[in-house]
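Those sequence lines, one after another, are chains A and B. In terms of our numbering, the first sequence opens at residue 1 and continues consecutively. In terms of our numbering, the second sequence opens at residue 1 and continues consecutively.
Hints are computed from structural coordinates only; laboratory data are not their basis. Some clues are possibly wrong.
To be verified - Listed below are the simulated DMTMM-like cross-link pairs for lysine to aspartate or glutamate, each with C-alpha atoms no more than 25 angstroms apart in a straight line: (1) A:K83 - B:D361; (2) A:K83 - B:D474; (3) A:K223 - A:E236; (4) B:K234 - B:E512.
To be verified - Pulled a few chain B residues facing chain A out of the computed Cβ check, cut under 7 angstroms: (5) R363; (6) A383; (7) L407; (8) L408.
For every residue, glycine included, the Cβ atom is placed at its ideal position computed from N, Cα and C.
Next come the chains, spelled out residue by residue.
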Amino acid sequence: MIRVERRLGVPRWLPYVVPVGSLVAAAVITAIVLLLSRHNPVTTYQQIYQSAFVSPGAMSSTFVYATPLLFTGLCAAVAFRMKVWNIGGEGQLYMGAVGASGAGLALAGLPAPVILLAMVVAGMLAGAVWSAIPGLLRAFLRTNEILTSLMLNYVAGLFLYYLIYDSASYWRDLSSPSAKVFPVGKNLEPSAAWPAWHVAGLVIPMGFLVGVGVAGLLLGVIKLTRMGFEMRVIGEAPAAARYAGMRTRRAVAWVMAASGAFAGLGGASQIGDFGHVLDPRGLQQASYGYTGIVVAALARYNPLAVVVVSFLIGALTNAGFALQGPQFPAGLVGAMEGIILFSVLAGEVLARYRVVRGRPSAPPSEPGRSGVEVDRAEGVPGQPVGEVAP
Amino acid sequence: MSDRQQVEPTGSNLADGSAQEGPPAREAARTAGGEPAAALEARGITKRFPGVVANERVSFAAAAGEVHALLGENGAGKSTLCSIMTGSYRPEEGELFVRGEAVRFRSPRDAHAAGIGMVHQHFRLVPSMTVAENVVLGWSQRSRLRFSPRSVEAEVAEVAERYHVRVNPRAMIWQLSLGEQQRVEILKALYREARILLLDEPTAVLAAGEVDDLFASIRRLTADGGTVVFVSHKLPEVMEVADRVTVLRRGRTIGTVAKAGTTPRALAKMMVGREVDLPEKVPDAGAGERPVVLRLEGVSAAGDLGGESLREVSLDVHEGEILGVAGVAGNGQRELAEVISGLRPSSRGRVMVRGRRISGDPRAAIDAGVAFVPEDRMGTGVAGSLPIADNCVLKSYRRRPFSRGPLLRSRVVGAHAARLMDRYDVRAPGPRTLVRQLSGGNVQKLVLAHELAEDPALLVAQSPTHGLDVGAIDAVRRVLLGAASRGVGILLVSEDLDEVLEMSDRVAVMYEGRVVDVFDAADVDVDRVGILMAGGQE
Chain A
1 MIRVERRLGV PRWLPYVVPV GSLVAAAVIT AIVLLLSRHN PVTTYQQIYQ SAFVSPGAMS
61 STFVYATPLL FTGLCAAVAF RMKVWNIGGE GQLYMGAVGA SGAGLALAGL PAPVILLAMV
121 VAGMLAGAVW SAIPGLLRAF LRTNEILTSL MLNYVAGLFL YYLIYDSASY WRDLSSPSAK
181 VFPVGKNLEP SAAWPAWHVA GLVIPMGFLV GVGVAGLLLG VIKLTRMGFE MRVIGEAPAA
241 ARYAGMRTRR AVAWVMAASG AFAGLGGASQ IGDFGHVLDP RGLQQASYGY TGIVVAALAR
301 YNPLAVVVVS FLIGALTNAG FALQGPQFPA GLVGAMEGII LFSVLAGEVL ARYRVVRGRP
361 SAPPSEPGRS GVEVDRAEGV PGQPVGEVAP
Chain B
1 MSDRQQVEPT GSNLADGSAQ EGPPAREAAR TAGGEPAAAL EARGITKRFP GVVANERVSF
61 AAAAGEVHAL LGENGAGKST LCSIMTGSYR PEEGELFVRG EAVRFRSPRD AHAAGIGMVH
121 QHFRLVPSMT VAENVVLGWS QRSRLRFSPR SVEAEVAEVA ERYHVRVNPR AMIWQLSLGE
181 QQRVEILKAL YREARILLLD EPTAVLAAGE VDDLFASIRR LTADGGTVVF VSHKLPEVME
241 VADRVTVLRR GRTIGTVAKA GTTPRALAKM MVGREVDLPE KVPDAGAGER PVVLRLEGVS
301 AAGDLGGESL REVSLDVHEG EILGVAGVAG NGQRELAEVI SGLRPSSRGR VMVRGRRISG
361 DPRAAIDAGV AFVPEDRMGT GVAGSLPIAD NCVLKSYRRR PFSRGPLLRS RVVGAHAARL
421 MDRYDVRAPG PRTLVRQLSG GNVQKLVLAH ELAEDPALLV AQSPTHGLDV GAIDAVRRVL
481 LGAASRGVGI LLVSEDLDEV LEMSDRVAVM YEGRVVDVFD AADVDVDRVG ILMAGGQE
C-alpha cells in the first residue's frame with residue numbers, strides 16, 4: 001500500500017532538485033506517449049532539440065515564438081500574484097494588436113521612432129482597456145473575473161473577424177479587387193516595422209528585449225516599491241489590506257489594467273515585430289494567451305523566471321511547428337506542454353509531501369521494550385516531575 | 001461571564017463524583033509505586049522547529065480512567081506535544097508508551113490504530129455531509145463496497161448511545177452548533193475505538209451551557225475506563241474537570257500535580273513562572289475634564305445581514321480615558337468598533353475624532369489618529385503569510401521614513417520591526433519570521449505594536465485578550481494601560497465583563513445595538529450591569 005504523508009522538514013537541496021526532477025519525469029512520461037504513438041523518443045527529442053536551437057535559423061524562430069509568450073506570461077504572472085485571475089490574456093493580446101496596427105496605419109509617413117512609440121502605447125492602452133472591463137467589474141461589482149475575462153476572449157476574437165472579414169473597417173485592405181473577395185488587413189508601411197537586433201547570425205526581435213526590460217521593471221516594482229508591498233498584502237490578506245487603509249478595489253482594477261497592458265504589448269509586438277498586418281487567423285492560431293498562463297505557472301509568477309520559461313516553451317512550440325507533419329502530429333507539442341505543467345505541479349506537491357510504502361497500521365512495539373523497561377518509580381531522568389499526592 | 005462563575009470550582013459534588021470512580025487519587029499513588037502502566041505516557045520528548053525548541057524533554061503520564069490536563073500558555077508546547085502523540089509530528093528524542101508498550105507513530109493513522117483519538121480546536125468535518133457520514137469518513141468498519149447510509153446511521157447511533165453523546169446521526173454538519181459539531185468529532189474518535197482522547201482547547205468555541213455538556217461527556221468517558229487528555233490554558237475549567245494537571249512552560253514540563261492538592265493561584269504561578277496579578281486601571285476621576293478625542297452622535301449602522309445592528313449610539317471618549325463597552329456578543333459591539341475605524345459605513349449620525357468627521361473610510365480614520373485592534377487579529381490585524389517586518393509597517397508604509405517616493409526602504413523597515421519586537425516583547429526568531437508561525441499572544445502584541453507606533457489619539461480595542469493565556473493577557477493589559485497614561489483615549493470592547501470592569505474608567509453597556517447606560521467604573525453596580533446586558537430594564 002502506498003500513501004502520502006506530509007513532510008516534516010524540507011531538506012535544503014529539495015527546492016532545487018524538484019523542478020529538475022519534474023522535467024526529467026515529464027520527459028519520461030512523454031517518451032511513453034511517444035512510444036505508444038510509434039515514435040522513437042530519442043530521435044524525437046533530438047529532432048526537437050535540433051529544430052528549436054541548432055538548425056539554421058532555429059534559434060531566431062524560437063525567439064519569434066517566445067516573444068508573445070513572454071508578454072502573456074507577464075500578463076498572467078502580475079495578476080495571479082495578487083490573486084486576480086486574469087484568464088483574458090488572449091483577448092487582450094488581440095486588442096493590443098488592433099490598437100497597435102491602427103496606430104501604425106494612422107501615423108504612416110511620420111518618423112519611424114514616433115510610429116514605433118505610438119504602436120507600443122496604443123497596444124498597451126488597448127489591452128489595458130480590454131482587461132479593465134473585468135477588472136472594474138470585479139473591483140466594484142464583485143463579479144468573478146475568471147468568467148468575464150475568459151468570455152471577453154471570444155468577444156475579442158469575433159471583433160478581429162469583424163474588422164477584417166465582416167466590415168469595411170479601417171484595418172481592412174479594400175484597395176484591390178482581389179482583396180474584396182479574399183479579405184485581408186492593410187499592410188503597415190516598412191517604417192512601422194520594429195527593428196531587430198542581429199547578433200552572430202541570430203535575430204532577436206525588439207519585442208523580446210522590451211519584454212525582458214518590462215520583466216525587470218516589474219520585479220523591481222514588486223520587490224522594492226510601496227505598490228509591490230500593497231500587492232503582497234492585498235493578495236495574501238485582503239481583510240488586513242482594507243484594515244490598513246489600502247485602496248484594495250482600486251489596486252485590483254489597476255493591476256488588472258497593467259496585466260492587460262502587458263498582453264496588449266504582446267499584441268503590438270505581433271504586429272510590429274512579425275506580422276505587419278492585422279491577421280485574425282494568425283493571431284488566434286497559437287493561443288499565446290492561454291499558453292501564457294502555463295508559462296506564468298511554471299515560473300511561479302516570478303517575472304524573471306517568466307523570461308526563461310517563455311524562451312523554453314517558445315523553443316518547444318517552434319520545434320512543434322517545424323516538425324509538424326505526417327511523422328509528427330501537431331497535438332504532440334501541446335501534449336508535451338501539458339505533461340510538463342502537470343509534472344511541475346506534481347513536483348511541488350511532492351516537495352511538501354512524501355510517498356511512503358507500507359501498511360497503515362501501528363508499528364509493533366519493539367521487542368524487549370515493552371513492559372520490562374517501563375520503570376515508573378524512577379520517573380524520567382532530568383525531569384522535575386513533582387507528584388503531589390493529595 | 002462564564003469564566004467568572006467557574007473561578008471558584010463548585011468543587012464538592014465534583015470531587016465526590018470522581019472519588020466514587022476512584023481512579024485519580026489511587027492511580028497517582030499506584031504510578032508512583034511503579035505498578036500498572038499509564039494509558040498514555042510521553043517520556044523525554046524533544047521536538048525542534050527552525051529557531052525554536054517546541055518541546056524539550058517533555059514527560060507526562062495519563063492513567064486510565066483519568067482526566068489529565070495539559071496546562072500551559074499559548075506557545076508552551078501543548079499543541080506540539082499533542083501532534084506528536086497523535087502521529088502528526090515525529091519527536092527527535094524521547095519515547096511514547098501506550099498502555100506500557102513503546103510505540104512509534106508514523107502517521108495519525110498509526111495513532112488511531114493504537115486507540116488515540118484527537119479533537120482539534122478547529123473541527124475537521126465536511127459541512128455538506130451528515131453526522132454519520134462524517135463519523136465513518138475514511139474509517140468504515142464495513143467493506144468499502146457495501147456502503148449503505150442506513151446501516152452506517154444505525155452503527156453511529158449505536159456508538160452515540162453507548163457513550164451518551166447526544167447528536168442526531170442524520171443531521172447535516174452545517175445545521176449543527178459548534179458544540180454539537182464538537183460532539184461529532186468526539187463521536188468520530190469513539191467510533192474508531194479510541195480509548196485515549198486528546199481534546200485541544202475544547203471549550204474555546206463553546207457556549208456556556210455546552211461546556212457543561214462537554215464536561216459531562218468527559219466524565220462518562222473516564223468512568224468507563226477511558227482516558228482524556230484535556231489541553232487548555234484556562235485555569236477555571238482545568239480546576240473543574242481535571243484529576244491531575246501537568247503544566248508546561250516554554251516547551252518544558254514544570255510538574256504534575258493532583259487537582260485536589262493545588263489551587264488556581266499555584267497553577268497560574270507554575271504556568272507563567274511568576275505570581276500573576278493582572279494589572280487594573282485606577283479609575284481616573286479627572287478624565288472627563290480632558291479634551292474629547294472621540295465623539296459619536298446618534299450613530300447607526302447596518303449589520304452584515306442587512307438589519308440595523310447599531311442604533312443611535314452617542315458616546316464620548318476623552319484623552320487618556322478607557323471607556324469599556326460591555327455586552328453579550330452580537331449586540332452591536334463589532335459594528336461599533338468597525339464604524340469608528342472606518343471599516344463599516346454609518347447610516348446615520350456623526351463620528352468625530354478630535355473634531356474631524358470620519359465615515360466609511362479606513363484611511364481617513366487612520367489619518368485622523370484612530371488605531372484599531374480588531375477582533376479577528378489573525379485575519380484582519382495582520383497578514384499571516386508575510387513576515388513580521390512587513391506587518392510592522394502595515395499602516396505606516398505610506399510615509400517617511402519607511403518609504404521615499406515610490407520606494408519602500410526595506411532596511412529601515414527591518415530596523416523598525418526589530419525595535420518594535422523588542423519594545424513589545426514579540427517573541428520570534430527575527431523580523432523575517434512569518435506571522436502565522438507566531439502564537440496568539442505574540443500576534444496580538446504585534447498588532448498593538450503596529451497600531452501604537454503610529455501615535456494614535458484613539459485606540460479601539462476589540463476583545464484584545466480573547467483567547468490569550470494569562471501571560472499574554474498581562475502583557476496586553478499593560479500595553480493598554482501604558483497607552484492610556486500617555487494620553488491615548490481607549491475604547492475597550494470586550495465580552496469579558498471582569499476585564500471591562502477592571503480596565504475602564506467608565507463602562508457603557510450595549511444591548512441590541514444601543515448603549516443602554518454608561519457608568520463610572522468606580523461606583524458600578526455589577527448586578528445592574530448584568531441585568532442591562534441581558535436586556536432587562538432595571
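Now the hints, each set against the structure:
Between K83 (chain A) and D361 (chain B) the CA atoms are separated by roughly 23 angstroms; this keeps the pair inside 25 angstroms, and the hint holds. For the hint pairing K83 (chain A) with D474 (chain B), the CA-to-CA distance comes to about 38 angstroms; that exceeds 25 angstroms, so the pair is violated. Distance restraint check for K223 (chain A) and E236 (chain A): the Cα-Cα separation of roughly 15 angstroms lies within the 25 angstroms cut-off, and the hinted pair is therefore satisfied. Restraint check for K234 (chain B) and E512 (chain B): the C-alpha separation of about 29 angstroms exceeds 25 angstroms, so the hint is violated.
Of the supplied interface hints, the one on R363 (chain B) holds, with its beta-carbon coming within about 4 angstroms of a beta-carbon of chain A, less than 7 angstroms. Here the hint on A383 (chain B) is kept, as its CB sits about 4 angstroms from the closest CB of chain A, short of 7 angstroms. Restraint check, L407 (chain B) versus chain A: the minimum CB separation of about 6 angstroms is within 7 angstroms; hint holds. Hint on L408 (chain B) holds. Least Cβ distance to chain A is approximately 5 angstroms, under the 7 angstroms limit.
Against the hints set out earlier in the document, violations occur for numbers 2, 4.
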